[in-house]
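Trainee: Work out the full structure: start from the sequences and follow the hints.
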Amino acid sequence: MIYLDVRTPEEYAEGYVPGAINIPVQTLVEDVESQISDKSTEIQVYCRSGARAEAAKQALNSLGYSNVTNQGGISWWDGELNTGMQP
197 MIYLDVRTPE
207 EYAEGYVPGA
217 INIPVQTLVE
227 DVESQISDKS
237 TEIQVYCRSG
247 ARAEAAKQAL
257 NSLGYSNVTN
267 QGGISWWDGE
277 LNTGMQP
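In my numbering, the protein residues as written are 197 to 283.
These are computed hints drawn from the structure, not numbers from a lab.
Idealized CB from N, CA, C, for every residue including glycine.
Check each hint, because a few of them may be wrong.
[Claimed, not checked] Estimated spans, in silico, between C-beta atoms of each pair: (1) Gly211 x Ser236: 27 to 35 Å; (2) Gly269 x Gly215: 17 to 25 Å; (3) Glu229 x Thr265: 29 to 37 Å; (4) Gly280 x Gly260: 30 to 38 Å; (5) Glu229 x Asp274: 27 to 35 Å; (6) Gly211 x Gly260: 26 to 34 Å; (7) Gln222 x Gly268: 15 to 23 Å; (8) Glu206 x Ser262: 16 to 24 Å; (9) Ala209 x Ser262: 27 to 35 Å.
Mentor: And the structure:
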């Protein structure tokens, strides 16, 4: 299972779900297949409020990803958040 944060890198650096990868929704179509090649992978998508996550979910579905859930805004996560840029 992959947590996919579709916010900007700056938003991501302020706090993200541990282990999440950051692919901004603006570059998702171009970049996702190089980072998530298995289209049956379970992907939990989130953003700040849920709107970008829904757009990302629809884009992923149109690319053939079959197991995508929109978790909405980052407030759904009840654990600790990591900070800093993606490694």
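Trainee: Indicate whether the distance between the beta carbons of Glu206 and Ser262 respects the range 16 to 24 Å.
Mentor: Since Glu206 and Ser262 have Cβ atoms about 31 Å apart, the given range 16 to 24 Å is violated.
Trainee: Has the hinted range 29 to 37 Å been met by the Cβ atoms of Glu229 and Thr265?
Mentor: Roughly 19 Å apart at Cβ, these two residues miss the hinted range, so it is violated.
Trainee: Look at the Cβ atoms of Gly211 and Ser236 and judge whether their distance stays inside 27 to 35 Å.
Mentor: 29 Å, holds
Trainee: Note whether the CB distance of Ala209 and Ser262 lies within 27 to 35 Å or breaks it.
Mentor: 30 Å, holds
Trainee: Can the suggested window of 27 to 35 Å be confirmed for the beta-carbon pair Glu229 and Asp274?
Mentor: 31 Å, holds
Trainee: Is it true that Gln222 and Gly268 lie within 15 to 23 Å of each other by Cβ?
Mentor: About 19 Å separates the Cβ atoms of Gln222 and Gly268, which means 15 to 23 Å holds.
Trainee: Gly211 and Gly260, beta-carbon distance inside 26 to 34 Å?
Mentor: 31 Å, holds
Trainee: Note whether the CB distance of Gly280 and Gly260 lies within 30 to 38 Å or breaks it.
Mentor: For Gly260 against Gly280, whose Cβ atoms are near 32 Å apart, the range 30 to 38 Å holds.
Trainee: Taking the CB of Gly269 and the CB of Gly215, does the distance hold inside 17 to 25 Å?
Mentor: Between Gly269 and Gly215, where Cβ atoms are some 18 Å apart, the hint holds.
The structure fails to meet hints 3 and 8 from the earlier list, while all remaining hints are met.
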